[in-house]
Amino acid sequence: MKKHLSVLLMLVLASMLTLAACGDDSASDENDSSGENGGSDEPVTLTFFSSDGQEKAFDDPVAQKITEETGVVLEMDYPVGGNDEAIPLMIAGGEYPDLIFAKGDLGKLIDAGGVIKLDDLIEERGDNLKALYGDQIDRLRNSLDDPSIYQVGTYGVEDEPMKTSGTFQMQLEVLRELGYPEINTLEEFEDALTTYYEMYPEINGQKTLPLSLQGSDWRWLITVGNPAGFAGGFPDDGQWVIDNDTGETTYKFMLPEFKEYFEWLNGMNAKGLLDPESFTQTQDTYISKLSTGRVLSVADQDWNIGDARSALIQDGMENRTFAPLPVTLDESKTHQGLKDYGFAGGWGIAISSTSENQELAFDFLDWMASEEAQILVNWGIEGEHYEMVDGERVMFEEVRESLNTNSDYPRESGVGYYIYPFPQWGTGAVDSNGQSITRDTREQVIDDLLEPEQEALDAYDIELWVDGFPQRDELEVSRHGAAANFSIPSGSDIQIIQQRADDITEQRVTEAVLAEPSEFDQLWDAMIAELEEAGVQQLNEEMTELTQNVRELWGTN
Amino acid sequence: MSKNLTPVTPRGAPLVRGNKSHKNTYAPRKKSFWKRLMNQKALLLMSLPFVIWLIVFRYIPVLGWIMAFQDYKPQNGFLGNEWVGLKHFRDLFNEPIFYRALENTIGMGLLGLVFGTISAILFALMLNEMRFIRFKKITQTISYLPHFVSWVIVANIVTTMLSLEGPINDLLTSLGIFDGPLNFMAQPNLFWGIVTSAEVWKSTGWNAIIYFAAMAGIDPQLYEAAKVDGASRVRQMWHITLPSIRAVIIVLLILSIGNLINIGFEKQMLLGNNIVTDKAIVIDLYALNYGIGMFRYSFGTAIGIFKSVVSVILILIANGFAKRIGEGRVF
Numbered sequence: 001m002k003k004h005l006s007v008l009l010m011l012v013l014a015s016m017l018t019l020a021a022c023g024d025d026s027a028s029d030e031n032d033s034s035g036e037n038g039g040s041d042e043p044v045t046l047t048f049f050s051s052d053g054q055e056k057a058f059d060d061p062v063a064q065k066i067t068e069e070t071g072v073v074l075e076m077d078y079p080v081g082g083n084d085e086a087i088p089l090m091i092a093g094g095e096y097p098d099l100i101f102a103k104g105d106l107g108k109l110i111d112a113g114g115v116i117k118l119d120d121l122i123e124e125r126g127d128n129l130k131a132l133y134g135d136q137i138d139r140l141r142n143s144l145d146d147p148s149i150y151q152v153g154t155y156g157v158e159d160e161p162m163k164t165s166g167t168f169q170m171q172l173e174v175l176r177e178l179g180y181p182e183i184n185t186l187e188e189f190e191d192a193l194t195t196y197y198e199m200y201p202e203i204n205g206q207k208t209l210p211l212s213l214q215g216s217d218w219r220w221l222i223t224v225g226n227p228a229g230f231a232g233g234f235p236d237d238g239q240w241v242i243d244n245d246t247g248e249t250t251y252k253f254m255l256p257e258f259k260e261y262f263e264w265l266n267g268m269n270a271k272g273l274l275d276p277e278s279f280t281q282t283q284d285t286y287i288s289k290l291s292t293g294r295v296l297s298v299a300d301q302d303w304n305i306g307d308a309r310s311a312l313i314q315d316g317m318e319n320r321t322f323a324p325l326p327v328t329l330d331e332s333k334t335h336q337g338l339k340d341y342g343f344a345g346g347w348g349i350a351i352s353s354t355s356e357n358q359e360l361a362f363d364f365l366d367w368m369a370s371e372e373a374q375i376l377v378n379w380g381i382e383g384e385h386y387e388m389v390d391g392e393r394v395m396f397e398e399v400r401e402s403l404n405t406n407s408d409y410p411r412e413s414g415v416g417y418y419i420y421p422f423p424q425w426g427t428g429a430v431d432s433n434g435q436s437i438t439r440d441t442r443e444q445v446i447d448d449l450l451e452p453e454q455e456a457l458d459a460y461d462i463e464l465w466v467d468g469f470p471q472r473d474e475l476e477v478s479r480h481g482a483a484a485n486f487s488i489p490s491g492s493d494i495q496i497i498q499q500r501a502d503d504i505t506e507q508r509v510t511e512a513v514l515a516e517p518s519e520f521d522q523l524w525d526a527m528i529a530e531l532e533e534a535g536v537q538q539l540n541e542e543m544t545e546l547t548q549n550v551r552e553l554w555g556t557n
Numbered sequence: 001m002s003k004n005l006t007p008v009t010p011r012g013a014p015l016v017r018g019n020k021s022h023k024n025t026y027a028p029r030k031k032s033f034w035k036r037l038m039n040q041k042a043l044l045l046m047s048l049p050f051v052i053w054l055i056v057f058r059y060i061p062v063l064g065w066i067m068a069f070q071d072y073k074p075q076n077g078f079l080g081n082e083w084v085g086l087k088h089f090r091d092l093f094n095e096p097i098f099y100r101a102l103e104n105t106i107g108m109g110l111l112g113l114v115f116g117t118i119s120a121i122l123f124a125l126m127l128n129e130m131r132f133i134r135f136k137k138i139t140q141t142i143s144y145l146p147h148f149v150s151w152v153i154v155a156n157i158v159t160t161m162l163s164l165e166g167p168i169n170d171l172l173t174s175l176g177i178f179d180g181p182l183n184f185m186a187q188p189n190l191f192w193g194i195v196t197s198a199e200v201w202k203s204t205g206w207n208a209i210i211y212f213a214a215m216a217g218i219d220p221q222l223y224e225a226a227k228v229d230g231a232s233r234v235r236q237m238w239h240i241t242l243p244s245i246r247a248v249i250i251v252l253l254i255l256s257i258g259n260l261i262n263i264g265f266e267k268q269m270l271l272g273n274n275i276v277t278d279k280a281i282v283i284d285l286y287a288l289n290y291g292i293g294m295f296r297y298s299f300g301t302a303i304g305i306f307k308s309v310v311s312v313i314l315i316l317i318a319n320g321f322a323k324r325i326g327e328g329r330v331f
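Residue numbers (full-length UniProt numbering), protein chains in the order written: chain A, 1 to 557; chain B, 1 to 331.
Treat the hints as calculated values from the structure; they're not laboratory data.
C-beta atoms are modelled at their ideal positions from N, C-alpha and C, and glycine is treated no differently.
Take these hints with a grain of salt, some might be off.
To be verified - Looking from chain A toward chain B, a few residues come up when the C-beta cut is under 8 Å (computed): (1) Gly113; (2) Thr195; (3) Glu198; (4) Trp220.
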């Protein structure tokens with residue numbers, strides 16, 4: 001027994017020693033490598049929390065280049081499972097990462113004193129940021145009461161959309177089979193689905209699903225709630241509809257257009273055209289259904305179904321990918337897919353008050369706004385991801401291929417990964433040689449079109465899908481950006497009432513859609529009554545005030 | 001049968017006779033506290049770390065309860081906030097969703113408790129009766145496995161099994177029990193049942209361990225005697241196995257009744273959807289969405305206090321009940 005024990009002890013000791021030795025090794029390695037970089041210029045690690053972040057190490061080629069240029073290594077943190085509690089917990093704990101992208105929760109960080117004012121820093125050393133925002137810089141300001149700048153905003157300045165997202169989308173194959181019909185209203189949309197469904201009740205041996213939604217979790221908002229607004233001819237203001245003339249803001253489900261849309265959806269369900277699992281399936285199930293090619297249409301954001309698109313292309317079913325269509329309730333409505341929201345302002349990266357490297361963090365953000373950085377994050381590294389041909393940037397073929405078919409590619413290579421949520425130049429911006437900064441140039445998007453897409457576009461006699469939408473100059477420019485980016489003051493009732501209202505609508509609208517058509521009216525009216533009881537009137541009034549404040553702050557009233 | 005002649009204390013240790021300190025029990029108590037303290041100093045020292053742990057991690061945080069009586073904002077520090085009395089409790093009790101959440105929490109908690117306990121005891125009984133040792137061990141090991149699977153995965157398995165094109169619908173339709181597939185996840189009235197079934201599947205094997213261990217401690221002579229008297233297997237289970245583990249069952253029941261309201265929210269959040277919300281919202285999820293998720297730290301704390309109070313009351317009731325039937329109470 002004693003012998004055993006001593007052997008065991010020896011083993012433990014030996015393993016501890018080896019471990020310690022390993023630790024030493026790696027430590028000295030690090031020192032060595034930083035020594036080669038030039039002595040004191042050891043990279044500084046900045047912690048960065050992004051509300052839209054993912055698990056990712058800062059070690060891809062683009063990241064390494066960023067580190068080389070700025071001496072900064074990012075340690076990226078993200079909310080697990082898309083939860084909303086990360087920022088409140090951060091405030092409660094009083095410990096902040098160096099850089100924070102808090103989206104709509106920035107106001108709480110400001111109240112808690114968790115982030116610093118950037119006005120002076122921008123004035124003194126923010127040349128790149130000043131150049132980027134130009135006269136739009138007022139849109140970064142916090143509020144009428146406290147018009148300081150706390151964040152440098154994401155979303156492109158000077159955006160020129162080449163793609164739409166979030167609209168109704170139909171399989172290219174359906175369009176082809178039906179001889180590329182004109183589809184601008186829900187009625188035409190439904191007719192096309194019905195006809196094709198009768199022709200092909202099964203695809204690849206499985207039941208055809210004419211329309212599938214993903215309304216079981218938060219994606220209810222993007223696949224059920226938002227499409228209703230697009231069909232009604234409203235721009236995307238989250239849960240709101242805002243009158244651009246008066247700034248009057250209404251909780252959107254109170255409007256008759258929304259009732260009309262969901263009545264249509266109710267009919268789709270009654271006719272068996274809506275996937276019966278639309279409100280119960282998980283995202284995985286949804287994506288795997290789309291990937292089989294048996295779902296004829298969706299109403300979803302492109303980024304939510306990117307995996308399915310990649311899978312379809314890989315399986316040689318390019319004709320089963322989706323085409324965006326400007327579908328509205330009827331001819332009198334104008335689709336707002338190409339709406340110019342102006343620079344949206346409200347969301348952006350802030351620097352925390354507890355950071356020990358505030359100036360470095362600011363210089364990093366400023367550098368990210370520079371031309372050099374923007375080319376790097378959009379195109380990758382010259383010679384590795386793209387090359388210069390006759391003074392133009394041309395993506396290597398295999399890189400382009402990967403970007404189109406592998407949805408994990410940006411995460412692996414870093415190409416395109418660091419555009420959002422950092423300060424970014426829009427799709428219309430050009431560099432000092434007159435070259436487009438982003439990859440989404442008209443030529444590039446045309447180059448990237450799939451073959452069946454090209455065929456469909458030729459049949460419709462347009463170059464790009466956006467050409468089929470009501471054009472930008474027909475639509476008014478938004479005077480308040482987008483309501484989703486408003487910073488809701490903490491301690492106001494807006495949040496509580498809105499949460500209650502959202503809970504009510506997600507549940508009751510779903511019920512109404514799945515009910516017998518004869519019961520729809522009654523259920524809808526009951527929901528409106530319930531919303532009124534929950535205080536939606538007060539909500540509308542307070543939001544209207546908020547909208548008007550934003551317009552005053554931006555000088556767009 | 002000679003064994004039965006030796007007096008046995010309730011805990012099974014033999015009574016020590018002729019203890020010299022025996023008379024001290026009746027001595028006046030003047031020095032006795034310090035003396036007893038010194039006598040037991042080793043034991044006290046050993047328990048000290050745990051007492052400190054308890055105070056630091058279980059009692060000091062209770063100070064945070066004062067947040068429930070303030071409008072707490074982190075930037076104002078601990079005592080620098082406005083005192084609002086019972087405002088947050090009034091808000092809570094005026095909230096209709098809260099009562100729905102309470103009903104669902106207790107409903108699903110009770111179902112889980114009843115079926116969880118019954119299934120674990122039945123499983124342990126069956127395992128105990130099994131005579132083929134290797135099979136028994138393998139079965140036991142396999143039955144633990146679901147316990148280690150995270151709820152995220154379990155939820156995915158359940159929704160896949162119950163989906164319209166899933167195996168359960170296929171089976172029921174092909175057997176002619178259903179006319180067509182039933183969308184299980186869209187039936188609010190089935191939600192409690194689905195959650196409970198998933199929980200039973202996940203935890204039966206694990207929960208059975210402690211019952212199984214208790215059964216292993218039963219004196220084999222009791223069974224032998226019963227066999228001699230001609231008792232069948234079922235009779236032996238009913239008259240020997242179950243009564244022998246009665247104390248264990250009751251203690252475990254009391255402990256879990258105290259946790260009735262702390263059923264967490266993972267299962268409900270992962271299995272729920274907008275159709276079944278009315279049956280799926282539970283207190284913890286409510287506290288998350290309407291409390292800390294909206295920076296209402298005080299409101300969240302008020303919910304926490306409410307839960308603690310309910311737990312204490314439930315424990316007291318259950319313990320009082322156990323006291324009355326004279327069986328294995330906790331304190």
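Status of each hint after checking the structure:
1. Gly113: This hint holds: Gly113 (chain A) lies near chain B, its Cβ roughly 5 Å from the closest one there, short of 8 Å.
2. Thr195: Violated: closest Cβ of chain B sits about 24 Å from Thr195 (chain A), beyond 8 Å.
3. Glu198: For Glu198 (chain A), the interface hint is violated, since the closest Cβ of chain B sits about 20 Å away, which is over 8 Å.
4. Trp220: For Trp220 (chain A), the interface hint holds, since the closest Cβ of chain B sits about 6 Å away, which is under 8 Å.
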